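Chain by chain, the residues run as shown.
2 protein chains.
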Amino acid sequence: MKASTGSDHPHIVLQDLTSASPNPSVMDIKIGSRTWGPEASDAYIAKCLKKDRESTSTPLGFRISGLQVYTGEESGFYKPDRDYMRKTGLDDVKLILRNFVSSNPSSETGQGPGPDCSLVSYVYGGPNGILAQLVELKTWFEDQTMYHFHACSLLFMFDQRLTLEGARSNAVVKLIDFAHVTDGNGVIDHNFLGGLCSLIKFISNIVAEANDHTGTNGEVEV
Amino acid sequence: MKASTGSDHPHIVLQDLTSASPNPSVMDIKIGSRTWGPEASDAYIAKCLKKDRESTSTPLGFRISGLQVYTGEESGFYKPDRDYMRKTGLDDVKLILRNFVSSNPSSETGQGPGPDCSLVSYVYGGPNGILAQLVELKTWFEDQTMYHFHACSLLFMFDQRLTLEGARSNAVVKLIDFAHVTDGNGVIDHNFLGGLCSLIKFISNIVAEANDHTGTNGEVEV
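Listed in order, the protein sequences are those of chains A and B.
Okay, so the first sequence: first residue is 1 according to the working numbering, each after it adds one.
Okay, so the second sequence: first residue is 1 according to the working numbering, each after it adds one.
Keep in mind that the hints were calculated from the coordinates and are not lab data.
Bear in mind the structure is a predicted one, so any value in this text is a computation, not a measurement.
A hint or two may mislead.
Treat identical chains as interchangeable: a pair holds within one or across any two.
[Claimed, not checked] Cross-link-like lysine-lysine pairs, in silico, DSS-like; alpha carbons within 25 Å at most:
1. Lys2 with Lys174
2. Lys174 with Lys94
3. Lys79 with Lys2
4. Lys51 with Lys87
5. Lys94 with Lys51
6. Lys50 with Lys138
7. Lys2 with Lys50
8. Lys2 with Lys138
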């Protein structure tokens, strides 16, 4: 393909992931307890390590770096500010993962009944839901030794209206922000995989709780 | 139980793992790309990080910290010196994991035919071999959120003579050196799990290669 300068060279084709969705609910989760790669300088490592330790990256193996949840035509989007997102701890992460699939998201921990998780079986659960997609991704990461993804994110995305109209999951998981990918050299990406397994455990717990309450198996009942 | 001082307090009962084995072949593998825990001081983290980066801990998710392989009554034990073990890189790790199940272990890379992996199906392969035990351990680590193991090792152990006489695996995997265990706080030990998955991939490759050569499925044929 020709570049705008007229010269011929390889291009990366970018996809606008939310273009088909009128009101996308989106969550960006940076995966891995370590966000620096093998060729990083000491200064860059020190900077990343500080952020990883101060955020949930080191303790949890991932950190949530962005969130917007569509809550309705009048209320619009729930979108916690950057300052809140930067300071999230273990309890906040549990809350945010619930907020993402709730009609009443809130940043208040320990107040009132909490998020209702009304969309959990549409978005996280079910045969095509986010949990199933994460488990599939995990299987790939257990085997692939070509790429190591540093400071890379998983994007969770769904459209509430399409979900409720279609009565089936349109939730997708995408690997994004792959600016820092290095050669795996025949070794699996154990840093990404560890964080992914930790995230899977959190999502599994939410799906299991919802099933306990409703008596379903996390699949959509229509 | 009473202590030697006469006072009553809890005891840890230690097991001598190799006591039943006349000539144990033993390998000690420190698991995890990060060997420091959440309460470590900055100075301790800097010390560990240096070691983790200089060894294979950061790139591979584990490092081999000790090895002895029994090779016969006359030749005794193959036991590479500490200096060699401290400097192992990716290729050395591949070699050492093969040496452990070979009758002709050697520290020379790229020379001659290399280790014969004659015991691979007895030790790594088979329904009760080390690979099967590692996969079982992985399943536990994907779910348990009580303990985080820092700078903890897996010990691989078998007795060559008992193996050949019994014609079945007596290989065992044990979790050892658990001096730095902290509360998991409801989070899986993603650091240990990532390293364990990486080790499983290395061992799987060796078992698969052996199967390719022999046409067996890694089980003992008697």
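Evaluation of the provided hints:
1. In this assembly of identical chains, the alpha carbons of lysine 2 and lysine 174 never lie at most 25 Å apart, being 28 Å within a copy and 59 Å across copies at closest.
2. Taking the closest pair of Cα atoms, lysine 174 and lysine 94 come within 25 Å of each other only inside a single copy of the chain (21 Å); across copies the shortest separation is 33 Å, beyond that limit.
3. Neither within a single protomer nor between protomers do lysine 79 and lysine 2 lie at most 25 Å apart by alpha-carbon distance, with minima of 40 Å and 60 Å respectively.
4. For the homomeric pair lysine 51 and lysine 87, the shortest alpha-carbon distance inside one copy (11 Å) is at most 25 Å, but the shortest distance between copies (30 Å) is not.
5. When the C-alpha separation of lysine 94 and lysine 51 is checked against a cutoff of 25 Å, the pair qualifies only within one copy, where the shortest distance is 20 Å, while the shortest distance between copies is 34 Å.
6. In this assembly of identical chains, lysine 50 and lysine 138 lie within 25 Å of each other by CA distance neither inside one copy nor across copies; the values are 27 Å within and 29 Å between.
7. Neither within a single protomer nor between protomers do lysine 2 and lysine 50 lie at most 25 Å apart by alpha-carbon distance, with minima of 42 Å and 46 Å respectively.
8. In this assembly of identical chains, lysine 2 and lysine 138 lie within 25 Å of each other by CA distance neither inside one copy nor across copies; the values are 37 Å within and 49 Å between.
Hint compliance for this structure: hints 1, 3, 6, 7, 8 are not met, and every other hint is.
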